[in-house]
Structures are given as C-alpha cells and as structure tokens.
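Undergrad: In case you want the letters, here they are:
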Amino acid sequence: MEFARRQSPYWSARVAVPSLMLQVLAALVPAAIAHVWFFGPGFIFNLLIASIFAVGGEWLAMHVRKRPPEVALSDYTALVTAALLAFAVPSLTPWWVTATGALFAIVVAKHLYGGLGFNIFNPAMAGYVVILIAFPMHLNLWIAPRMGDIDYQYLTVLQTLTYTLTGSLPDTLGFDAVSRATPLDVMKSGLNGMRTVSEIRTNPIMGDFGGRGWEWIGNFLAIGGFWLLIKKIIRWHIPVGVGVGLLLPATIMYFVDPGSHPSPGFHLFGGAAILCAFFVATDPVSAATSPKGRLIFGFGIGFLIFCIRTWGSYADGVAFAVLLMNMAVPAIDLVTRPRIVGHSNDGDGTP
Amino acid sequence: MTAPTYDLGNLHGGLRLPGHKAASTAEPIRDVPIPSQLILPITQHVGDPAQPVVGAGDRVLKGQVVAEPDGTLGAPVHASSSGKVVAIEPWPVSRRYGDSAPCIIIECDGEDRAFETDGRWEDYLSLQPADLLLRILDGGIVGLGGAVFPTAQKLMQARTCKIETLILNGVECEPYISCDDMLMRERAAEILSGAQILMHAMQIESCFVAVESDKPDALHSLGVALAELDDARLVLKQVPTIYPSGGEDQLVQLVANREVPSGGLPTDVGCLVQNVGTAAAVHDWIINHEPLISRVTTVAGDGIVNPMNVRARIGTTIADVVEFTGGYAERADHLIIGGPMTGKSMSTDRVPLVKATNSILVVLKTSFQGRELPCIRCGDCAAVCPVQLLPQQLFRYACADNEAKLREFGLIDCIECGCCDLVCPSHIPLTANFQIAKSRIQELADEKARAERARRRFEARNERLEHEKQQREAELARQKESAKQAGPAAIAEILKRKQQQGEED
Chain A
13 MEFARRQSPY WSARVAVPSL MLQVLAALVP AAIAHVWFFG PGFIFNLLIA
63 SIFAVGGEWL AMHVRKRPPE VALSDYTALV TAALLAFAVP SLTPWWVTAT
113 GALFAIVVAK HLYGGLGFNI FNPAMAGYVV ILIAFPMHLN LWIAPRMGDI
163 DYQYLTVLQT LTYTLTGSLP DTLGFDAVSR ATPLDVMKSG LNGMRTVSEI
213 RTNPIMGDFG GRGWEWIGNF LAIGGFWLLI KKIIRWHIPV GVGVGLLLPA
263 TIMYFVDPGS HPSPGFHLFG GAAILCAFFV ATDPVSAATS PKGRLIFGFG
313 IGFLIFCIRT WGSYADGVAF AVLLMNMAVP AIDLVTRPRI VGHSNDGDGT
363 P
Chain B
486 MTAPTYDLGN LHGGLRLPGH KAASTAEPIR DVPIPSQLIL PITQHVGDPA
536 QPVVGAGDRV LKGQVVAEPD GTLGAPVHAS SSGKVVAIEP WPVSRRYGDS
586 APCIIIECDG EDRAFETDGR WEDYLSLQPA DLLLRILDGG IVGLGGAVFP
636 TAQKLMQART CKIETLILNG VECEPYISCD DMLMRERAAE ILSGAQILMH
686 AMQIESCFVA VESDKPDALH SLGVALAELD DARLVLKQVP TIYPSGGEDQ
736 LVQLVANREV PSGGLPTDVG CLVQNVGTAA AVHDWIINHE PLISRVTTVA
786 GDGIVNPMNV RARIGTTIAD VVEFTGGYAE RADHLIIGGP MTGKSMSTDR
836 VPLVKATNSI LVVLKTSFQG RELPCIRCGD CAAVCPVQLL PQQLFRYACA
886 DNEAKLREFG LIDCIECGCC DLVCPSHIPL TANFQIAKSR IQELADEKAR
936 AERARRRFEA RNERLEHEKQ QREAELARQK ESAKQAGPAA IAEILKRKQQ
986 QGEED
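Taken in sequence, the protein lines are chains A and B.
Quick note on this note's numbering: the first sequence kicks off at 13 and runs consecutively.
Quick note on this note's numbering: the second sequence kicks off at 486 and runs consecutively.
Don't read these hints as lab results, they were simulated from the structure.
For glycine and all other residues, C-beta sits at the position ideal for the given N, C-alpha and C.
Accuracy of the hints is not assured; some may be wrong.
[Stated by the list, open to error] Taking beta-carbon pairs under 8 Å as the criterion, some of the chain B residues facing chain A (in silico): (1) 582; (2) 747; (3) 804; (4) 825; (5) 832; (6) 833; (7) 858; (8) 867; (9) 877; (10) 906; (11) 914; (12) 916.
[Stated by the list, open to error] Derived pair list, reagent style DSBU-like, types lysine-lysine, alpha-carbon separation capped at 30 Å: (13) 829/B to 923/B; (14) 850/B to 829/B; (15) 304/A to 244/A; (16) 954/B to 965/B; (17) 923/B to 850/B; (18) 890/B to 923/B; (19) 244/A to 850/B; (20) 304/A to 243/A; (21) 933/B to 923/B; (22) 850/B to 243/A; (23) 890/B to 304/A; (24) 304/A to 923/B.
[What the hints assert, rightly or not] Over the 12 Å line for every Cβ pair with chain B, so calculated as not near, a few chain A residues: (25) 78; (26) 152; (27) 153; (28) 182; (29) 187; (30) 209; (31) 260; (32) 269; (33) 335.
Can you build the whole structure from these sequences, using the hints too?
TA: Listed below in structure tokens is the structure:
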C-alpha cells in the first residue's frame with residue numbers, strides 16, 4: 013500500500029492564532045458592556061469605525077504588499093487592535109479621529125514594519141498616540157459616567173451618532189454641558205492647583221478607588237484578564253510586572269506624602285492601567301519573549317505609567333509607557349536570553 | 486523490593502502529552518509468524534553499511550551472519566530465519582522514507598532451522614570486559630530505542646571515559662509507543678540480566694532503571710524482578726511523564742541531575758544510557774545465544790484496526806506485520822515508522838521492519854491541520870523547549886539563512902523533539918525548518934572545507950611551480966657557468982661537430 017509522506021510531528025496543534033484573538037475579544041465583552049452602560053453608545057460607534065478602518069487598512073496593506081488579504085483578515089488581529097483603540101478613545105469621538113488612529117495603527121505601525129509578527133510597536137498604542145497628539149482637543153472630551161447623582165446632560169443615541177459622524181453637538185447643547193474631566197485629569201489639575209489629594213477626591217466623579225464608572229470597567233477588564241490567564245492565552249509575567257511597576261512606587265510615594273500622591277488603588281483603577289496590564293502590554297509581538305524579560309518589560313511599563321502620571325504633562329501615560337518599553341524590547345531580549353542546556357553560563361553560545 | 490524513587494533533576498519545558506497507550510497494551514505481545522520473504526537492509530545501524538557475505542542462491546540458517554561490519558563503526562546482520570538468499574538488490578527501506586537501499590532478500594523455507602554456534606560459550610563473568618564487548622559486537626546488537634547506534638562500539642567509547650552509572654532507559658515518552666512498556670512487563674528479569682552483563686562489560690557498580698510514572702505495570706514487574714534478583718547495585722527510578730524525558734541527554738538530566746555538555750555525550754558526565762530493549766537483546770545473545778533477529782514493535786494509531794504489540798522477525802515487511810494485526814482501518818492516510826513526534830513518514834508499507842522499528846503508526850490526515858501564519862513571538866515554543874533554545878529567534882534566523890546567528894542561538898543543540906511545533910499557535914513547522922537549516926549549515930561547512938582544500942591545493946601547486954622554476958633557473962645558470970668555464974675549447978669542439986654534420990649531409 014502506498015502512503016503520502018509528510019513532515020513530523022504528526023500531531024494536531026492545540027491552539028491557533030485566530031482562536032487566541034477571538035478569546036481576547038471575548039474577554040473584552042464584559043468591560044465593553046460596562047463602558048456602554050456608563051458612557052453611552054458612543055463606544056459601539058467607535059468600535060465599528062475602528063473595526064472598519066482597521067480591517068480595511070489591513071486589506072489594503074496586504075493588497076499593496078501583494079499578499080493574500082484573506083490570510084491577514086482571518087487571524088482577527090486587526091479586530092483586537094480596533095477594540096483596544098475603541099477602549100482608548102472617549103465615547104464621544106468624531107469618526108475621522110478614530111479612523112486616523114485605526115489606519116495608522118494597521119498600515120504604518122503594523123504593515124510598514126512587515127505585518128503581523130514584525131511590528132516593533134504595539135499598533136493600537138501607536139495609533140492612539142498619533143491621534144492624541146494630532147487631535148488633543150477631541151481626545152479630552154470624556155462625558156461623565158452615568159451615575160444617578162451626577163448632574164449631567166445625557167445624550168441620546170441619535171445625538172451621539174450625530175456627534176460621531178459630524179463632530180458637532182446639537183445647538184442646544186454646549187460641550188461644557190456634556191463633558192467632564194477624567195478622574196486622572198481632575199487629580200492632575202487639582203494637584204497642579206496645590207490642592208491635596210483628599211480635597212480632590214471630594215469631587216463627585218471620584219469613586220472608592222478611581223473614578224466612578226471607570227472602576228467598574230476596570231473590574232470587568234480584570235475579570236476578562238484573569239479569564240485569559242486561566243485559559244493560558246496570556247502568561248502572568250507581564251500583568252504582574254505592570255502591577256508591581258506601578259504599585260510599588262505609588263505605594264511608597266503614598267506613604268511618604270499622602271497629601272500630594274493619590275493612593276495605589278487610585279493608580280490601579282483611575283486610568284487605563286488594568287486595560288494595559290492584561291490586554292495592551294500582553295501583545296506578544298511587541299513584548300519581550302522570555303519570562304524574565306516579560307517581567308522586566310511589564311515592570312518598565314508600570315513604572316513609566318507612574319512617572320508620566322506623577323511628573324509628566326499627560327494625565328495618563330499608558331500609551332507612551334508601552335511604546336517606550338517596546339523600544340527597549342530588543343535590549344531586554346538580549347540580556348535575558350536563557351542559557352542553553354549544556355552550555356556554560358557566559359551566554360555567548362559557545363560550550 | 487526497591488521502592489521507586491523520585492529524586493530528580495530539573496528538565497526545562499517539555500510537554501504532557503496524551504499517551505494513547507492503553508489500546509496497544511491491553512493484550513500480551515504476540516508473535517508474528519515467519520513471513521515467506523525476509524528483507525534485510527545491510528544498513529540497520531549508525532555507521533558504515535555491513536558487507537554481504539552471502540550471495541544469491543546461498544542457503545542460510547537462522548542466526549547466521551549474512552553481512553559483516555565494514556569499517557570502524559557498524560554491526561553484523563543475521564538471517565532472521567532459515568531459507569535461501571534470492572537476491573541482493575535495492576528495496577524500499579524506512580531509513581530512506583520508502584526509497585530504496587541495498588537489501589539481502591531471503592526466501593524462507595519455513596523450517597526456521599538455527600545456525601549451530603561453535604559451542605565455546607563460557608560464563609560471561611569469566612570473560613575479560615574487552616572479550617565480552619567483542620562478543621556483544623558479534624550479536625548484531627544496536628540501540629533499540631530508535632537511534633540504532635552499535636551497542637558494542639558505544640560501550641567501547643564509554644570505556645575510554647570514567648563511567649559511574651549505567652542508566653537503563655525505560656521511559657518511552659512518545660505517545661502511542663508501548664513496546665518497551667510491554668517488554669518490561671513481560672521480560673523484566675531478562676532486562677535486568679542484560680543490565681548486569683552491561684555492568685560487567687563496563688566494570689561499573691551502579692545502574693538506574695528509569696521508568697516513566699505512567700507505567701505502573703512495568704514498574705511493578707521490574708520491582709518484583711529486582712526483589713528476586715537481590716542485587717543492590719540496581720535501583721529503580723521513576724521519572725515524571727513528560728515528553729521528551731526519554732531523550733538520552735534529558736534522561737541523564739532527570740536521573741543523574743547532570744547536564745550533558747553541548748556537542749558531548751552522556752559519557753562525558755559519567756553516564757551510559759542503554760534502552761531496556763537493548764539490555765534484553767544483550768541477555769538474549771550472551772545467555773541464550775540468539776543474535777538480534779527479532780524485536781518487539783508497537784502497531785497503533787487511528788488507521789489500525791487492532792492496535793497491539795508484536796514480536797516480529799527483522800526483515801518482515803510492514804505490510805505483513807499490519808496484516809497480522811488485522812489490517813488497516815478504512816481510512817489510513819499516513820504510515821509513520823516511530824512515534825508521532827519524531828517518526829518518519831513512509832511512502833510505502835513494503836519497507837521491512839528493521840532493528841530501529843519501535844513503532845508502526847498509521848494516522849489519519851484530519852489529525853493535523855491548520856494554516857501556517859506569521860510568528861507572533863508568543864514565546865510558547867521557548868517555554869516548552871527542553872534545551873532552552875529560543876525557537877522563535879532560530880526560526881527567524883533560519884528564514885534569513887543567517888548561519889552565524891543560528892550557531893550563536895544553538896541550532897546545533899536542537900534535539901528535534903517537536904515540542905515547539907506542537908504549541909505554535911501559528912502552526913509553523915519549526916522542527917522541519919531547523920532540520921533543513923542544520924543540513925544547510927552542514928553543507929556550508931562542507932563547502933568551506935572543500936574550498937579550504939582547494940585553496941591549499943592551489944597554494945601547494947603554486948609553491949611547487951615556483952620551486953620548479955627556481956630549480957630550472959638554477960640549472961640554467963649552472964649550465965651557463967660551466968659553459969663559460971669550459972671556455973673557447975668547448976666552443977671550438979661544438980663548431981667542429983657542426984661542421985662534421987654539414988659534411989655528412
């Protein structure tokens with residue numbers, strides 16, 4: 013009897029990139045629902061726009077690079093990038109802002125570097141930083157969370173959609189009526205205004221740890237993150253690294269000077285730290301590869317977030333921290349190279 | 486009875502794979518009847534091909550040597566049954582994935598008459614170790630774990646090192662394969678006897694019998710046999726069920742907690758590893774005087790109707806063995822000789838069972854699918870690599886054909902276990918890439934050596950030409966000088982000779 017030959021091993025692969033990405037997306041669903049609940053339907057519009065432009069950009073880039081577009085589209089990585097971008101931008105964001113971010117993320121940050129697996133920078137964060145610098149005004153326009161006791165003019169679905177498509181509010185509504193500063197902004201401007209942390213925290217936008225509404229999104233992000241950890245889709249090293257890197261200096265400074273430094277809990281739940289720890293920094297392509305390297309990578313991100321929040325001019329520093337550590341990855345990989353079994357310790361590859 | 490121990494060194498990475506061994510271990514080992522024709526490849530071992538010492542038309546007996554080792558590394562081949570040599574010709578062999586290589590083909594007469602040994606079989610304990618090694622060499626015994634390194638030469642090499650421990654490898658970590666497991670269950674005493682012979686040959690006083698924790702029956706049988714033997718030098722060691730703990734270097738790491746240096750052998754750290762099947766073969770040869778003419782092999786996989794372990798004569802075709810077990814299932818897409826991780830995929834089942842054949846695996850195409858995607862640097866491959874390589878980096882350098890980086894990142898140290906392939910979410914055939922890169926590096930090295938030889942030849946030639954030129958010049962100068970010294974008289978002589986010549990014309 014004749015048989016077809018094939019390469020070893022003769023065993024089914026247990027995981028696949030597309031299913032990994034779908035599970036990452038699934039892990040984001042609870043937080044997305046919370047986002048819509050607290051900040052209105054804008055998130056859905058942003059997600060749709062980001063997805064359309066990310067997938068379209070991916071198709072275009074693959075087409076220009078003369079590669080089969082369906083290969084890149086079937087791995088769902090563009091959708092993950094779009095989802096992360098949707099979490100990063102305010103729920104009220106004009107479509108061209110989101111679209112610019114998505115296109116830059118996919119076309120420039122991902123495909124100009126060689127496509128999936130070759131991008132040095134986290135595409136979603138690169139896209140976000142570009143729009144943060146290009147459209148600073150639009151990206152500061154956060155609406156207040158839907159909490160019964162906050163005096164706030166709610167937007168209807170139609171009004172939100174109109175704003176997303178045209179960038180303007182109904183004539184009867186001014187920006188001041190709908191927008192609120194984010195908890196981190198409030199903290200930053202308050203501290204700059206020489207007020208103490210406890211004074212600032214009396215602002216109705218502040219919750220138990222971070223900002224109201226924000227905390228809940230953080231909780232759901234953490235639940236999704238732990239689910240990814242349990243499913244072994246992400247490893248613990250980066251989230252732990254980010255957590256330690258952020259909370260260690262935050263705790264020290266809080267104990268040294270609680271008047272001008274918010275609590276570690278505020279740092280954890282006040283901004284995008286949890287999103288970063290579980291979903292952004294864990295992007296394997298732009299992270300360090302060895303376990304030790306990932307701890308260092310995560311720690312660096314957490315520490316930079318703390319530094320930017322404390323001494324930088326931006327209220328949050330997740331995107332900058334991630335991009336800065338992306339740059340450090342080749343060096344981290346070099347110094348954390350494991351010793352090959354049977355080789356001596358000098359690590360130069362010779363026995 | 487020695488209690489199994491669990492004090493083990495650390496092994497990096499590895500995988501817990503489903504064993505799939507229950508189906509083939511339900512029944513005892515069954516004997517495959519003598520086939521009508523035996524196909525005996527002359528290369529069934531690492532080293533040089535054995536040279537046939539019989540010709541077409543010769544009658545041979547069971548156990549008779551039909552091919553003898555030639556060169557420094559090799560093993561003899563024995564007739565597995567009695568009959569007539571009908572041809573020595575190319576036949577598909579598993580070593581070449583179903584392509585042909587020279588084989589001795591014997592038409593069996595079915596009488597299975599044994600070759601009379603010369604009768605000088607002293608007790609092995611009275612033999613000098615060197616003589617015992619020569620005797621083992623005559624038995625055609627090679628490593629039966631699959632590597633088929635000639636056992637006698639392995640022992641001779643080991644005797645040049647300071648060996649402390651013999652490690653019997655009963656780990657058999659690849660899924661589906663259970664021939665060693667069954668052998669340990671059924672022939673534990675013979676395996677231990679083989680170990681004693683090997684210890685005498687090596688003059689060492691310590692032996693670990695390493696068995697995976699998922700083989701309770703084998704552990705029990707060995708425990709009982711050890712208790713009966715009452716030899717304190719042998720110790721049973723249980724090792725965790727992690728693939729690839731049965732790799733020689735990995736086993737040394739697990740059992741002796743020593744790292745085999747890169748490019749070295751277990752003997753460099755005082756360990757000698759032998760497969761349990763090899764130990765049993767040594768016993769069969771030294772005690773029962775039966776050379777290596779049969780072996781136990783596992784027939785398993787979804788493409789097999791009745792998975793089981795069989796003992797078959799070396800030279801029986803795979804087709805005959807599978808037919809004996811009950812044939813192929815309705816769908817049988819790939820025939821693998823060896824395990825599902827490192828086995829070889831055959832083009833035909835006409836290949837004979839050889840000394841290396843520890844498993845015949847028939848699998849379905851649906852068992853492995855998935856489109857290859859770009860590497861996302863997830864690092865799972867590095868996490869499971871038992872040698873702590875960075876397969877994702879190696880893959881990149883292999884694609885770029887960057888020889889220096891491939892060497893620096895330890896491509897040579899890759900044991901080709903296939904763990905990285907299995908966990909890769911992008912379904913990149915990493916091991917196959919590394920195999921190709923390895924042979925490419927080898928080619929480059931060969932090319933370099935060839936170029937170096939050519940360069941040396943060229944330089945030598947230039948030197949020679951220069952030397953000859955100098956010699957010629959020196960000769961010319963000498964002649965000129967002598968002519969000058971001879972002076973006018975000589976010139977007159979020459980002129981005179983010329984004149985004479987002119988007159989004769």
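Undergrad: Taken at face value, is the distance from the CA of residue 243/A to the CA of residue 304/A at most 30 Å?
TA: Holds - the C-alpha atoms of residue 243/A and residue 304/A are around 21 Å apart, at most 30 Å.
Undergrad: Does residue 914/B hold up as a contact with chain A if the rule is Cβ-Cβ below 8 Å?
TA: holds (6 Å)
Undergrad: Would the non-interface assignment of residue 260/A survive a Cβ cutoff of 12 Å against chain B?
TA: holds (25 Å)
Undergrad: Between the alpha carbons of residue 829/B and residue 923/B, is the straight-line distance 30 Å or under?
TA: It holds: about 17 Å lies between the C-alpha atoms, which stays within 30 Å.
Undergrad: Between residue 244/A and residue 850/B, is the straight-line Cα distance small enough, at 30 Å or below?
TA: holds (28 Å)
Undergrad: If you take the shortest Cβ to Cβ gap from residue 825/B to chain A, is it below 8 Å?
TA: Nearest chain A Cβ about 5 Å off; hint holds.
Undergrad: Does the interface hint hold: is residue 804/B within less than 8 Å of chain A, judged Cβ to Cβ?
TA: It holds, given that the least Cβ distance between residue 804/B and chain A is near 7 Å, below 8 Å.
Undergrad: Sort out whether residue 829/B lies within 30 Å of residue 850/B, counting only the CA atoms.
TA: Satisfied, since the Cα-Cα distance of roughly 15 Å is no more than 30 Å.
Undergrad: Beyond 12 Å from chain B, beta-carbon-wise, is residue 269/A?
TA: Holds, because the least Cβ-Cβ distance between residue 269/A and chain B comes to about 39 Å, which exceeds 12 Å.
Undergrad: Please check whether residue 582/B passes as an interface residue: C-beta within 8 Å of a C-beta belonging to chain A.
TA: Constraint on residue 582/B satisfied, holds at 6 Å.
Undergrad: Is it true that the CA of residue 923/B sits at most 30 Å from the CA of residue 850/B?
TA: holds (28 Å)
Undergrad: Does residue 304/A lie within 30 Å of residue 890/B when you go C-alpha to C-alpha?
TA: holds (22 Å)
Checked against the numbered hints listed earlier, the structure breaks none of them; every hint is satisfied.
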